[in-house]
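Given these sequences and hints, build the entire structure.
Protein chains in written order, with the numbering used here: chain Y, 7 to 273; chain Z, 7 to 273; chain L, 7 to 273.
Check each hint, because a few of them may be wrong.
A pair holds if it fits inside one copy or across any two, identical chains being indistinguishable in the list.
In silico SDA-like pairs for lysine to any residue, Cα to Cα no more than 25 Å straight-line [what the hints assert, rightly or not]: (1) K16 with T198; (2) K16 with A244; (3) K189 with V178; (4) K8 with Q266; (5) K61 with S133; (6) K242 with L45; (7) K242 with R199; (8) K242 with M260; (9) K61 with R83.
What the hints contain is simulated information worked out from the structure, not anything from laboratory work. Every value quoted in this text rests on a predicted model; they were computed, and no experiment measured them.
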Amino acid sequence: MKISADDIYKSVGDIRAVNPLIHNITNYVAMNNTANALLAIGASPVMAHAAEEVKEMTTLAQALVINIGTLSSAWVRAMGEAFHTALKEGLPVIIDPVGAGATAYRTRTVRELLDTGHPAMIRGNASEIMSLADGRLKTKGVDSRSQSDEALRAARSISENNQCVVVVSGAVDYVVEGQDVVKVANGHPLMTRVTGLGCTASALCGAFAAVEKDTLSAAVQAMALVGIAGEMAVEKSAGPGSLQMHFLDCLYNMSAVEIQERLRVEV
Amino acid sequence: MKISADDIYKSVGDIRAVNPLIHNITNYVAMNNTANALLAIGASPVMAHAAEEVKEMTTLAQALVINIGTLSSAWVRAMGEAFHTALKEGLPVIIDPVGAGATAYRTRTVRELLDTGHPAMIRGNASEIMSLADGRLKTKGVDSRSQSDEALRAARSISENNQCVVVVSGAVDYVVEGQDVVKVANGHPLMTRVTGLGCTASALCGAFAAVEKDTLSAAVQAMALVGIAGEMAVEKSAGPGSLQMHFLDCLYNMSAVEIQERLRVEV
Amino acid sequence: MKISADDIYKSVGDIRAVNPLIHNITNYVAMNNTANALLAIGASPVMAHAAEEVKEMTTLAQALVINIGTLSSAWVRAMGEAFHTALKEGLPVIIDPVGAGATAYRTRTVRELLDTGHPAMIRGNASEIMSLADGRLKTKGVDSRSQSDEALRAARSISENNQCVVVVSGAVDYVVEGQDVVKVANGHPLMTRVTGLGCTASALCGAFAAVEKDTLSAAVQAMALVGIAGEMAVEKSAGPGSLQMHFLDCLYNMSAVEIQERLRVEV
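The following block contains the structure:
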């Protein structure tokens, strides 16, 4: 697979033209960021979690994003209902397993979703992805080199078992489909000091999956765009407060040339 | 009715002097924006939804804002209790029917509130307002000219049936009371790329209604101020991220001259 | 007790080095601000409230922050479970009694927590602190001089009864432990026009308590740092929108010299 700047910019254009409705069942912390990032790129966000409407809302959407960052039993039920509705409708589903591995409840919630169907993508950091693969509820401190290797093995295993794309976010993002791995080296460390940018990446994966039918390509495009917008924003920023603002402005104004100049994807 | 810049600036001064407490039962996405916009204009926001306190909080407030953007059954009950408490206390109530028409649950929730009492105002976009008038749960795609006409008919009908002011937000806002219509042409398209600015407008309608007893006038003033602050903010902004920031700064610093120069209200 | 700029900067260095995990059970309005402020200072925020995981999450944390700004019965139960877990684990707990005194439910919720154990700190404004001391559910309007005196008496009484530090926030913050009082005169009035800065102060108290074992000192350091970051941010800001952004940038970039030049603490 080859991802070019033109591919990304074409998808951005499609998102801006189509304004796909992205149904988010996400955490309280990142809801506002997520909605603003989707609006900035041209998509239409909607949040809905009530038993009375969650399935109906999913049927109206072009993609579903499930994020377990602040879960509770009613929300977990809503996630399940939305997930199954989306699968029945043929919609791409993105799962963000925030905190999986930190508590048993989070790990179990994601595993139970995965037991009932295949999402299009799972996007998490190394600890979260590893917790989904091997049944360990706590990840041990390991040096980052071996953690990367272990996370990559976990991602491949999850991808094969669940027939989905798995994204391991980090200094370099690994986008994995079966044995295929694409590395995305865009981004900046300051982005880890802004809450919800990982959640935002997952939401944008939803927007890209709504217009790009090749799921691996959609994931790579979304991760690259988030990284590029982050890099550009950091250059204008004095710290994490201004980064959050410039990130949205950069997403909104993103041009083909900017993507071209900065794209760092390696198959 | 005639609304002058002086009327608006007088209300802003009253809000700054009185710091009216505005009780918001609103959605998770817009809570932070809404609170910040109320603080920037000089009001005091409070959020409370628990069965144990919702009525008591309403009795402390000078206006109540009900926004159904992320509803669930417990919140809908709280909305009903706060609504009836506010009516008993003679407080102005503003209803923002976010997503009415998209799901049956949202449409039904607002209709059931309206069946039990008269709010001071309902503020929504054309689809939302039309869904409340005619029983259709989904709005059809129609060209914007005829949509405006249809929304205006819907607003008139809702206004008469519920003895309230109805605001149809859009490129031009229509503020309707019975057969009277005031058009507010302030605002900028970039505002639609920031989440929660509609919710913010509803919250500010609450602040204006707390100090201006003529409800139609309060609605026009609030919608004009939001539009003017948005226009001013766009001129300083590089995109939706900076717009959100400058919008709050502009609200906070709004002067009589700025309102005078930009006000575009037509009766 | 003597607090120097070096003490504060040492704690900031420790937070940046250790990245303590701060478990927040807080309100919907301030969650995003709180998380961003903790990230900006170098801590790791986590939000969790589900019965299924709240205790497990607390055991992973280095401090617990309980904020009742948007409470409901399920959240109150979670607060109690996290509180008792934290006490058993020997973690510092910070309680922010948002709106105590405004409704009986809020006052009762905090009192019931205090009946079952001793937090490390309670941080609130004068009305909130007074409501916890004397059983009055509504505070009367009193002139600010006598309110300060009354709040200080209340803080001393609460501190002695609950063996904890009590912070009364205001133009000058009073940090009280038994009969000891430290005044922190940093800060700026514009900070009251940004939602959630009080909640942020409580969260940062948690981060400081995670690295500074002297609780009185931790509270003074946190309140001084928030005030200094606020002052510095105001100087760069055109209003409350930009203040919110610059506040995070200032926290992130805070240097020893800036603390030295601005620190206004009086024992």
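Please sort K242 with R199 into within, between, both or neither, judging by C-alpha distance up to 25 Å. both (16 Å within a copy, 21 Å between copies)
Within, between, both or neither, where K16 and T198 count as close if Cα-Cα is 25 Å or less: between (28 Å within a copy, 23 Å between copies)
Between K61 and R83, at a C-alpha cutoff of 25 Å, which is it: within one copy, between copies, both, or neither? Close inside one copy (11 Å) and across copies (21 Å); limit 25 Å.
Checking K8 and Q266: alpha-carbon separation at most 25 Å within a copy, between copies, both or neither? Within. Shortest intra-copy distance 14 Å satisfies the 25 Å Cα cut-off; inter-copy 54 Å does not.
How would you classify K61 and S133 at a CA-CA limit of 25 Å: within, between, both, or neither? between (31 Å within a copy, 20 Å between copies)
Status of L45 relative to K242 across identical chains (alpha carbons, at most 25 Å): both (21 Å within a copy, 19 Å between copies)
Up to 25 Å CA-CA - A244 versus K16, copy category: between (32 Å within a copy, 23 Å between copies)
Homomeric proximity label, K189 with V178: Cα distance no greater than 25 Å: This pair counts as within: shortest intra-copy Cα distance 6 Å, inter-copy 47 Å.
Which holds for K242 with M260 at a C-alpha limit of 25 Å: within a copy, between copies, both or neither? Result: close both inside a copy and across copies, 14 Å intra and 19 Å inter.
Checked against the numbered hints above, the structure breaks none of them.
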